[in-house]
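Asker: Dock chain B against the given chain A, drawing on the hints supplied.
The listed protein sequences derive, respectively, from chains A and B. Under this note's numbering, the residue at position 7 of the first sequence is numbered 7, and the numbers go up by one with no gaps. Under this note's numbering, the residue at position 24 of the second sequence is numbered 24, and the numbers go up by one with no gaps.
Hints are computed from structural coordinates only; laboratory data are not their basis. Check the hints yourself; a few may be wrong.
Said to hold, decoys possible - Below, a list of computed lysine to aspartate or glutamate pairs in the DMTMM-like style, where the Cα atoms sit at most 20 Å apart:
id : chain 1 : residue 1 : chain 2 : residue 2
1  : B       : K254      : B       : D268
2  : B       : K181      : A       : E23
3  : A       : K42       : B       : D336
4  : A       : K5        : B       : D56
5  : B       : K185      : A       : E47
6  : B       : K254      : A       : E44
7  : A       : K2        : B       : D60
8  : B       : K271      : B       : E305
9  : A       : K17       : B       : D30
10 : B       : K73       : A       : E8
11 : A       : K46       : B       : D336
12 : B       : K338      : A       : E44
13 : A       : K2        : B       : D30
14 : A       : K5        : B       : E305
15 : A       : K2        : B       : D336
16 : B       : K137      : B       : E182
Chain by chain, the residues:
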Amino acid sequence: MKRIKTLETRNLCNSAKKGGCGECQTSCQSACKTSCGVANQKCENKEK
Amino acid sequence: MVHQYKLNGFNIVLDSCSGAVHDVDEVAYDMIAMFENSPKEEIIETLLTRYSHRKDVTKDELEECYADILSLKESGQLFTEDTFEDMAGTFKERSGNVIKALCLHVAHTCNLNCSYCFASQGKYHGDRALMSFEVGKRALDFLVENSGSRTNLEVDFFGGEPLMNWDVVKKLVEYARSIEKEKNKNFRFTLTTNGVLIDDDVIEFANKEMSNVVLSLDGRKEIHDRFRIDYSGKGSYDTIIPKFQKLVDARGGKGYYIRGTFTHYNPDFTKDVFHMADLGFTELSMEPVVGKPEDETTLTPEDIEIVKEQYEILAKDMLRRTKEGKPITFYHYMLDLKEGPCIYKRISGCGSGTEYMAVTPWGDLYPCHQFVGEESYKLGDIWNGVTNDALREEFRSCNAYAREECRDCWAKLYCSGGCAANAFHASGSIRGIYKPGCELFKKRIECAIMMRVSENSEE
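For reference, chain A alone in the conformation it holds in the complex (with noise of 0.2 Å):
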């Protein structure tokens, strides 16, 4: 594609397929303490 740069990025329709196994981190445990996000926890699901 001449004018579109697609990046690379997990599907988040597919994760849907073997995602939800709750492994990973609360969302503000152990960091900020005070500005929830979500987005930027490590996934620790070791069989998607």
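Answerer: Chain B in isolation, oriented as in the chain A frame:
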């Protein structure tokens, strides 16, 4: 839902629901903006007129661009429909009452007297208290008993100042290590400290046992010492800096954050982040102060605009540092687009009050550290478990789709509806929103995505 923005010379298109990110030129940027609202012929005609000064913008070429956009749509990378709402509630129901993280308030007291402290100098609007080993041990047992099949359990030693109860912290870690194999659990400990009592024993133990250490530093000496003072009024900067440096040097690459708070007095907080970097620290976090609108430290609407500019300055400078081989990490810009969290994580909310709870020195349970001291938010205690089921259900219902204001927001799969405590403090309800927080959050995500786009364009 598509979000388009221009930042640092990039035209960025985010397809919120698939997570796809596109780095496009301005012609494609304009075409994507019109794509869902106008017929093809009209779009091409409009763009031919708009870009008539450019030789590369021809009818054939625009047809090709249109076909590219259509193929991205068909492959689920653009204009992806939001089909996640029904999943949001079911996931939390499925995980039952599993608890996987506790914030242990081992000391409701502090050796610093910071007036901006959300925990009222560590006392959480109550009496000073230290957690006994027996209470802490019971809290760890409670966590194991309620963790179901989860292996990774997070425990944060928090306060007040947890080093004021250091012997108990050490004994609790030893106890947890003694049971984790038999219980098939993996404890991950974090210590959050102001640094005043750090000594060689703390450094050795923390670097062996704590997965993460959060070290409170507000940045420049004059900024740090404005609030972070002892009870005689003396600033703590000169005391803690050599201690933090020694601890981090000895940490051997294990996780840590130098974490600061910025207020109305330093909305130009990037200077403080850069100061942290000048001191040799690389893992950095800087957070807006939490407070009431009438507090002198609270960010004003004018400050919010300055802070947004500062986030851009920070992102650009971090790219420069990376190019020069001296990268720094900023907590909110850690956005892994390839291996980040799954959709369940993104829609389920932060976990406070359900899978994450705070424990007071006397064993009461609260939805998170920021609710401690709000009596109506007491969930139960570590002996009888959660007894306020209605409150737990209220927290369980908090997810990315729980707030009307979030419904059409492109960022909801990045914040998952935001911080319940911020919402409560701003609106009186955990189902409300904290609008300035949303604005800052969106700006941070835009900056973080721009950084990935920039890195990608260098490859």
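Asker: Please go over all the hints and tell whether each is borne out by the structure.
Answerer: Hints, verified against the model:
no. : hint              : in the structure
1   : B:K254 <-> B:D268 : violated, 29 Å
2   : B:K181 <-> A:E23  : holds, 17 Å
3   : A:K42 <-> B:D336  : holds, 8 Å
4   : A:K5 <-> B:D56    : holds, 18 Å
5   : B:K185 <-> A:E47  : holds, 18 Å
6   : B:K254 <-> A:E44  : holds, 17 Å
7   : A:K2 <-> B:D60    : holds, 13 Å
8   : B:K271 <-> B:E305 : holds, 16 Å
9   : A:K17 <-> B:D30   : violated, 34 Å
10  : B:K73 <-> A:E8    : holds, 16 Å
11  : A:K46 <-> B:D336  : holds, 16 Å
12  : B:K338 <-> A:E44  : holds, 13 Å
13  : A:K2 <-> B:D30    : holds, 15 Å
14  : A:K5 <-> B:E305   : violated, 31 Å
15  : A:K2 <-> B:D336   : violated, 26 Å
16  : B:K137 <-> B:E182 : holds, 16 Å
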